[in-house]
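Participant: Sequence:
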Amino acid sequence: MKKIVLILILFGIPFVVAACTSDEAVQKEITLPKDVPEFVTKAGFDNIDWEKEAVEFGDKNIIGNENKSGVIGVDMPSLDGQKWMWHLWGIENPENTEFTVVGFHKETGTVHHILKEGWSTSLSGANNGADAHTPSSVKIPDPGKWAVLLYTDDELFDILIYEIDE
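Under my numbering, the first residue of the sequence shown is numbered 8, with each subsequent residue one higher.
It is worth saying that the hints were derived from the structure and are not from the lab. Relax, there's no trap hidden among the hints.
The list that follows gives simulated cross-link-like pairs (lysine-lysine, BS3-like), each with its CA atoms no further than 25 Å apart:
1. K41 - K113
2. K152 - K41
3. K59 - K152
4. K67 - K152
5. K90 - K152
6. K146 - K123
7. K75 - K49
8. K90 - K113
9. K75 - K152
10. K123 - K113
11. K67 - K146
12. K123 - K152
13. K113 - K75
14. K49 - K152
15. K59 - K90
16. K123 - K49
17. K146 - K49
18. K90 - K123
Quick list of the computed label-pair ranges, beta carbon to beta carbon:
19. S144 - K41: 18 to 26 Å
20. P40 - G136: 31 to 39 Å
21. D160 - L39: 18 to 26 Å
22. D66 - G132: 17 to 25 Å
23. E45 - P84: 31 to 39 Å
24. E162 - G125: 15 to 23 Å
25. F64 - T38: 28 to 36 Å
26. E170 - K123: 15 to 23 Å
27. E73 - N100: 18 to 26 Å
28. D172 - E58: 13 to 21 Å
29. E114 - N54: 13 to 21 Å
30. E102 - P150: 33 to 41 Å
For each residue, glycine too, the CB sits at the ideal point set by N, CA and C.
Assemble the whole structure, with the sequences as input and the hints as a guide.
Facilitator: This is the structure:
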């Protein structure tokens, strides 16, 4: 009987360890880069729903959260640089709206700017059915699961979840 219990314990430990460490990156202490905009806070990362992955919608290959935000180009290799076209719905004055993009890498628990030109850029008017859009050059530092936090005028606008492997 003792051998059976011992065997069950030995075989059960890997499952317990795997279950306890699967979200380890999310539970790590988040350190914000020194140059991150002041309105980006650690509390903003508490809202990430890793199960709500971005989906393709419309006929323009936009991948995101339908009728909120999405990107053309995110399905292309982005680790060495890529052009993405951001689309946002519900923006009333796009030309007067500052757009900030913050990347959070799930596996490492690190925060990055993914726009090559810095944290923020300006928006332009309607395009592809969205109320606002802007092109940008991006570089994703590491492969894996990313939460891309979008801010408009210093307020969290949306969170896009992407798996970026190349």
